[in-house]
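Student: Required output: the full structure, derived from the provided sequences and hints.
Sequential numbering from 1 applies to the sequence shown in UniProt numbering.
The hints are simulated quantities; they were obtained by calculation from the structure and are not laboratory data. The model shown is predicted, which means the values in this text are computed figures rather than measured ones. Even for Gly, the Cβ is constructed at its ideal location relative to N, Cα and C. Take these hints with a grain of salt, some might be off.
[Stated by the list, open to error] Below, simulated DSSO-like cross-link-like pairs (lysine-lysine); rule was C-alpha separation at most 27 Å, straight line:
1. K87 <-> K70
2. K92 <-> K79
3. K39 <-> K60
4. K79 <-> K94
[Said to hold, decoys possible] What follows is a set of in silico ranges between Cβ atoms, one per label pair, in the way DEER data are often shown:
5. K92 <-> L62: 24 to 34 Å
6. F66 <-> V96: 38 to 48 Å
7. E53 <-> E73: 29 to 39 Å
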Amino acid sequence: LESLRSQKSTLEREVADDGSGLDDKINKQRDQLDELNRKYLASLEEKNGINEELTEQVRKLLDLNFVIQKNSEQIAIAKQEIEFLRKEIEQKSKLVGDLEYEVEQRRNLII
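Tutor: In structure tokens form, the structure reads like this:
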């Protein structure tokens, strides 16, 4: 009977030791998991910040692109107007030249 009690006590100690060892192992793994979760959340926050910054930069680029397109359109319109005015000036210059020639011819006839 004493032998059985001794074996029972030994087994109870082993179970208790194994249990506390498992508890320690579980607690250690929980701590590691908590640390990983903290790092993961920090990474998500950093990623969110980067995404917000990228979104803002994309908006700025789109706004800048819109301004550039409008400026390009205005430049194209201005070039067309300049070309039209240049041709009009050429025509008027030719007309002035023709009129000057005609006036000169009439002066020569009068003299």
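Student: Next step is simple, just say for each hint if it's right about the structure.
Tutor: Cross-check of the supplied hints:
1. K87 <-> K70: With a Cα-Cα distance of about 26 Å, the restraint between K87 and K70 holds, given a limit of 27 Å.
2. K92 <-> K79: 20 Å, holds
3. K39 <-> K60: 31 Å, violated
4. K79 <-> K94: 22 Å, holds
5. K92 <-> L62: 24 to 34 Å: The hint (24 to 34 Å, Cβ to Cβ) is violated, given that K92 and L62 are roughly 45 Å apart.
6. F66 <-> V96: 38 to 48 Å: 44 Å, holds
7. E53 <-> E73: 29 to 39 Å: At roughly 31 Å between Cβ atoms, E73 and E53 fall inside 29 to 39 Å, so the hint holds.
Taken one by one, the earlier hints fail for this structure at numbers 3 and 5, listed in ascending order.
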